[in-house]
Amino acid sequence: MLTKRIGGIVLEKQLAFKPDYVPDAKRKASYWRTARRNIKKHWQLHLLVIPPILFFLIFKYYPMLNAVLAFKDYNVIKGIWGSPWVGFKHFQLFFENPQFWTLVKNTIFLSGYLILAGFPIPIILALMINEIRAGRFKKFVQLVSFAPYFISTVVMVSIIMLFLAPRLGFANVALNYFGFESINFLGEPGMFRSIYVWSDIWQTAGYNAVIYLAALAGVDPTLYEAAKVDGASRFQKIRHVDLPGIVPTIVIILILNVGNVMALGFEKVYLLQNPLNLVNSEIIATYVYRIGLLNANYSFATAVGLFNSIINLVLLLTVNGLAKRLTKSSIW
Amino acid sequence: MAAIATSKRRIKESAGDRIFLGFIYVILTLLVIIVLYPLIYIISSSISSPAAVTSGRVWLWPVDLSFRGFEELFRRGEVITGYLNSIFYTTAGTLISVTLTIMIAYPLSRRSFFGRNALMMFITFTMIFSGGLIPTYMVVKGLDLIDTRWALLIPNAIWVWQVIIARSFFQTSIPEELLEASEIDGCSDLRFIWSVVLPLSKPIIAVLVLMYAVGQWNAYFDALIYLKSADLFPLQLILRSIIIQNNSGSNMDAIAMVEKQQLAELLKYSLIVVATLPVLIIYPFVQRYFVQGMLVGSVKG
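Keeping their order, the protein sequence lines are chains A and B. Mapping of the first sequence onto UniProt numbering: position 289 corresponds to residue 289, and the numbering continues sequentially without gaps. Mapping of the second sequence onto UniProt numbering: position 300 corresponds to residue 300, and the numbering continues sequentially without gaps.
Calculated directly from the structure, the hints in this document are not laboratory data. Careful, some of the hints might be misleading.
Cβ-Cβ distance ranges computed for the label pairs, FRET-style [to be verified]:
(1) A/248 to B/29: 25 to 33 Å
(2) A/248 to B/13: 24 to 32 Å
(3) A/33 to B/282: 50 to 58 Å
(4) A/87 to B/281: 29 to 37 Å
(5) A/218 to B/186: 39 to 47 Å
(6) B/203 to A/248: 24 to 32 Å
(7) A/318 to B/150: 23 to 31 Å
(8) B/206 to A/311: 32 to 40 Å
(9) B/281 to A/86: 48 to 56 Å
Below 30 Å or equal to it, Euclidean Cα-Cα: the simulated DSSO-like pairs (lysine-lysine) are [what the hints assert, rightly or not]:
(10) B/141 to A/89
(11) A/328 to A/237
(12) A/237 to A/139
(13) A/268 to B/228
(14) A/105 to A/324
(15) B/141 to A/78
(16) A/139 to B/202
(17) B/202 to A/138
(18) A/139 to A/78
(19) A/268 to B/202
(20) A/89 to A/105
(21) A/41 to B/141
(22) B/141 to B/228
(23) A/78 to B/202
Beta carbons are placed, not taken as given, at the ideal position from N, Cα and C, and that holds for glycine.
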């Protein structure tokens with residue numbers, strides 16, 4: 001943000017569209033005058049943003065209005081707005097539902113596991129890649145580790161299923177080869193979370209490392225010089241220069257991760273689900289899909305989804321606020 | 001900078017440091033193997049004989065080279081349809097998405113654009129809060145888009161993250177002087193975008209095209225909820241019905257003795273290869289654009 005000093009007062013320049021700083025009384029009027037002049041002069045730009053704005057209004061904001069469905073009993077004939085209000089009935093039904101705690105627990109456990117295991121690995125990977133000499137091997141490591149990111153969820157789950165298939169899958173063939181019994185991996189509820197998390201790390205660690213690599217490239221080179229003069233070993237250099245240098249990035253990524261605990265992706269969980277592992281694999285997002293779209297219980301599913309969105313928003317704001325206070329890094 | 005630093009370091013590298021570095025090389029090599037192995041295994045299986053695949057004889061390289069899986073694949077109408085549909089969705093979807101993204105990202109990058117901050121908040125808010133699955137479904141339904149091709153092209157056309165990336169690129173890479181000069185020459189904004197901004201923005205357009213194209217090619221969720229007619233299904237949905245649905249948790253392959261079932265098993269590997277290859281083949285050539293795109297985003301993100 002630009003700042004401008006007028007009469008000894010520093011003004012934060014919030015709207016940067018014309019640096020017209022005049023005494024307070026006239027400011028508002030002049031603001032709108034500039035605005036009007038600006039729109040008139042750049043009408044083409046304003047015309048250009050209309051279709052994208054319509055897109056956001058129709059497909060992002062209108063659904064937020066539609067979420068009032070959660071407080072109504074949806075009736076197909078009467079439509080969303082004509083249906084009768086029922087207050088918090090659906091929320092209450094959800095909280096009293098015996099499945100409620102299972103769903104919340106499954107969502108949080110899966111997300112938590114994913115963060116605990118999946119968050120440090122890209123950082124370590126980036127630190128390691130950063131250590132090796134620039135050259136073919138370095139390029140190759142980056143190329144290969146990044147590649148699985150482009151595999152679609154459907155293909156990823158297909159690969160998991162082929163590898164872990166009860167009889168013919170690679171994992172069981174290998175187990176049998178070494179004299180162990182076969183395991184029906186996907187049928188074991190206890191294995192579901194590990195399968196989900198580790199396949200996710202396999203797929204995204206290289207991609208996530210790129211952000212840290214960029215941050216590492218931005219660390220002040222004089223710090224390395226100083227470390228060398230002090231006779232720091234490679235490990236000490238990582239510990240005292242590299243890591244502190246990327247802490248702001250780490251914090252921001254952590255905020256985004258924790259803030260999205262409840263917004264766990266539907267796609268992969270849904271595809272990995274089967275009746276045997278459902279005890280651990282039914283999360284809020286898949287439940288909403290099942291109840292809402294498959295059973296056409298629109299109002300109830302909307303309430304569940306809304307509950308999820310709100311918890312998520314609150315989490316994100318809390319974590320962001322905490323991070324701001326503790327480390328001075330935040331996403332806004 | 002890094003090159004200078006390492007060459008200096010190499011002169012007086014201590015024994016401990018050399019062991020540490022050696023350790024890193026070993027771990028990274030192991031990681032490369034862990035990532036590559038499943039991919040090679042799948043490709044090898046897809047071009048092995050059905051019997052070799054089902055008896056677990058494929059470990060790394062193809063056994064009894066055969067292309068029966070692919071032959072069988074292209075005999076199946078639904079796979080061809082899915083492939084053609086996916087090509088259509090990817091092309092049309094990317095075109096729409098990239099156009100809309102630039103239409104909003106460029107004005108947002110202009111300092112003098114009135115309402116810039118408000119508009120930015122308007123779109124970033126949709127990143128942290130959403131109406132949810134059902135309310136969005138109702139909107140799509142209300143517009144009569146259910147079970148039409150539009151349902152896959154429009155409702156998720158703009159990704160906010162892409163707008164942010166494109167905007168920071170425009171902000172940092174289009175010199176202000178060019179704009180001033182063109183304004184003096186009486187050049188309109190649209191004309192400026194067309195003949196100055198777009199030609200200067202090839203790297204970011206490449207990033208947008210690639211991200212959206214890969215996203216479209218790999219998507220299945222929208223198709224799952226919005227489409228009902230099989231002749232509109234993209235490849236990913238076909239893949240799901242052939243590989244995943246016929247596999248989930250059941251022990252049906254206990255009787256996979258019959259040749260037909262061996263072929264069915266092989267077909268899965270071939271399908272994975274066919275669905276992923278287009279992306280993985282172009283990937284090494286475009287990787288640097290992806291990395292660039294992420295860097296641009298992270299600088300100002």
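Determine which of the earlier numbered hints do not hold for this structure and return their numbers in increasing order. 4, 7, 18, 19, 21, 23
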